[in-house]
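A.B. asks: Below are the chains, spelled out letter by letter.
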Amino acid sequence: MSVVRIPPVLRTEAGGEREVEASGDTLRELLEDLSSRLPALGARVYAEGAIRSFVNVYVDGEDVRTRDGLDTPVQEGSTIILLPAMAGGR
Amino acid sequence: MVASSLLDLIGSTPLVELAQLSPPGRTIYAKLEGQNPTGSIKDRVALAMVESARLMPGAELLEPTSGNTGISLALVAKLKGLKLTCVMPSNATPERRALLELYGATIVDSPGNEGSNGAVRMAQEILAREPRYTMLFQYANEANPRAHYEGTGAEIASELERVDALVAGLGTGGTLMGTGARLREAFPGVQVVAAEPLPCDPVMGLRSLEDGYVPPVLDVSKLDRKLLVSNTEAAAAARVLLEREGIFAGVSAGAVVHVARRVADELPEGAVVVCVLADGGWKYLSAPFWLGEEIDEAVLWW
Numbered sequence: 000m001s002v003v004r005i006p007p008v009l010r011t012e013a014g015g016e017r018e019v020e021a022s023g024d025t026l027r028e029l030l031e032d033l034s035s036r037l038p039a040l041g042a043r044v045y046a047e048g049a050i051r052s053f054v055n056v057y058v059d060g061e062d063v064r065t066r067d068g069l070d071t072p073v074q075e076g077s078t079i080i081l082l083p084a085m086a087g088g089r
Numbered sequence: 000m001v002a003s004s005l006l007d008l009i010g011s012t013p014l015v016e017l018a019q020l021s022p023p024g025r026t027i028y029a030k031l032e033g034q035n036p037t038g039s040i041k042d043r044v045a046l047a048m049v050e051s052a053r054l055m056p057g058a059e060l061l062e063p064t065s066g067n068t069g070i071s072l073a074l075v076a077k078l079k080g081l082k083l084t085c086v087m088p089s090n091a092t093p094e095r096r097a098l099l100e101l102y103g104a105t106i107v108d109s110p111g112n113e114g115s116n117g118a119v120r121m122a123q124e125i126l127a128r129e130p131r132y133t134m135l136f137q138y139a140n141e142a143n144p145r146a147h148y149e150g151t152g153a154e155i156a157s158e159l160e161r162v163d164a165l166v167a168g169l170g171t172g173g174t175l176m177g178t179g180a181r182l183r184e185a186f187p188g189v190q191v192v193a194a195e196p197l198p199c200d201p202v203m204g205l206r207s208l209e210d211g212y213v214p215p216v217l218d219v220s221k222l223d224r225k226l227l228v229s230n231t232e233a234a235a236a237a238r239v240l241l242e243r244e245g246i247f248a249g250v251s252a253g254a255v256v257h258v259a260r261r262v263a264d265e266l267p268e269g270a271v272v273v274c275v276l277a278d279g280g281w282k283y284l285s286a287p288f289w290l291g292e293e294i295d296e297a298v299l300w301w
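Going down the list, the protein sequences come from chains A and B. Note that numbering that gives the first Met the number 0 has the first sequence beginning at 0, numbered continuously upward. Note that numbering that gives the first Met the number 0 has the second sequence beginning at 0, numbered continuously upward.
This is chain B alone, in the form it adopts within the complex (with noise of 0.2 Å):
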């Protein structure tokens, strides 16, 4: 394959077998999303974002993000001639830091204790100030679970015959919205399933309950369940799928599994599940999980 853009080669990611940790008469397949150029599913989500956007050269970009999608957004951003500011918690993982500004990002720091939240109301209030930025803003962002019915989704209804279930991440429920309304089309009967991380009493520390978030983009009724992995169950799910599969892939990853494992025990015979591995394990690298270390619960997810 030649490429005239490395954007053209977002997507059409691979589905492995995950044959040593599939239950008995079940299939368990993982789509490879860390193969996607800058190493996350986010490349999908940034690129729909970016495009429908319709921006001019030099446009300046704002997005609270704490890797992934920041990451993603500074490669399309270079490409397209665009400037991109992230708003990230302070207690990230260094690689993810130093891995923004590799791309050309400029990085703010928001709160390490608000998590994710903070860096959403941090990225407002800079927006409300300074009106030259364009927020794309993943979680309320329709191009977002766009790109995944138009790409993730329609990928893996191309690619398999039957699917009774798709496990993917819960973040800003995107990969679970498009790629679940995509698969539904293809497999009426299918469960759309979301792993959910536990979160940690410093990631939990916010104000008050009415400081809590649920993603415009969010549809809690299309989800036909929705369970809790914990930060050692999804470390140690991760460390099983390079021992056994040799699939070297993030902390998120290891929670779908987890679940994918789960529901295709529950599934009859025959059953075929898909998970989504949003991305590769490089940059976790300096989390102690990966040695069996304690775990430090604040700062794993993606």
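With the rest of the complex left out, here is chain A (with noise of 0.2 Å):
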């Protein structure tokens, strides 16, 4: 089982949690649990086999773009959070 971190603009999706669980050995088997267990959560996030524009997903703090993306592996405990993209830079 790992941890997903919800941002504010997600939680109403999440039934209000900050985070929740899900459990796979990658990254896409984790959305797909998520998507079977909070199926209005999982669309935001991930549609069509990829994760979705605007939407960051890092495993362990690292964004999974700069991973394997999807095949990304999951450790037991990992934790997965979940951000929209923001500019920085001022």
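Since the hints were made in silico from the structure, they are not lab data. As the structure is a prediction and not an experimental result, all values here were calculated from the model. Treat the hints with caution; some may be incorrect.
[As the list claims (entries may be wrong)] No more than 20 Å apart at the CA atoms, straight line, and that leaves these computed lysine to aspartate or glutamate pairs for EDC-like: (1) B:K77 <-> B:D7; (2) B:K221 <-> A:D67; (3) B:K221 <-> A:E61; (4) B:K82 <-> B:E124.
Using the hints, put the two standalone chains together into the complex.
C.D. replies: Structure, rendered in structure tokens:
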């Protein structure tokens, strides 16, 4: 089981929770599991076999786009962070 | 050195070894961008953007910025006879506001809870209403990464014989894209690593995911790694940087050093990591983290 941290803009779809649990050996499996538990949340993050634009997904603090994308391995106890894409730079 | 203009003193910043913070057998060098004329890396970007725009004297600039870019643009605008209006989140630190005003910029507030995205949105609205403004828009201006390709990256490549990893903060993406591209030419195996701020609840108060924004300057596929850093980790590293190396740097520099140490640890013996410290600590003095107090996650980054 892994912990998925939910940003404020997605908490309605997560039943108001800040964190939910999901399981899988890869991020794809984990997002499939998340989508089956919380379909509304899953659909905002993951659709047609891809992570949606404007959503960043991090496994243990690293953006999966610079790892193996949906094939990124997930360990038991990993933390998954979902975030809206944001501009920084001031 | 005698310069005929302060603008000639932008860039050519020093590299210093972080002897106390480098893991055994590895070397971390820090590029001290706080030594630019207004105290941040954004001097490079502001000068490059203004020069490439070829504006007439008296032209009016409008830019969404909560600090460093605005201060840099204000200096460049002053010395080139231009006017500047900055759109900034209302919760930016008082030092940054005061500095902008002292340099001669006009400030327009955007909602603090919308962060940088809110400032961008408001600036675009003003521009649509008042076409006399020129918006250089660092998020989409190719002079931004080019300043780092021709400056930051070229300087590092000419000073060092080996670079295994570059670590810089992820804001507009300009530093990482430009410096990264130049270093890849000189050191083909170099890893380009982004240290990314973990946003906090107030900043993430977007209305929906569709309000999200990826700067056109940023091409995530050109990053080898992208690592989140919490404000707590960044502030702790900024304190350690001051305590152990005597470098008084800003919070994003703390984040970058935090990631540089992690990356250096994972690289083989002999590896060289360069991290870009975007500014000094001065503009964050009112933030309580220097004393180890509770950190206000909202306003610290840049």
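A.B. asks: Is B:K77 close enough to B:D7, meaning Cα to Cα at most 20 Å?
C.D. replies: holds (14 Å)
A.B. asks: Quickly compare the C-alpha distance for B:K82 and B:E124 to 20 Å and report which way the hint goes.
C.D. replies: Distance of about 19 Å is within 20 Å: holds.
A.B. asks: Going straight from one Cα to the other, do B:K221 and A:E61 come out at no more than 20 Å?
C.D. replies: The given pair, whose Cα atoms are some 15 Å apart, holds under the 20 Å limit.
A.B. asks: Within 20 Å, alpha carbon to alpha carbon, are B:K221 and A:D67?
C.D. replies: Holds, because 14 Å separates the two Cα atoms, which is no more than 20 Å.
Comparing the model with each numbered hint stated earlier shows that all of them hold.
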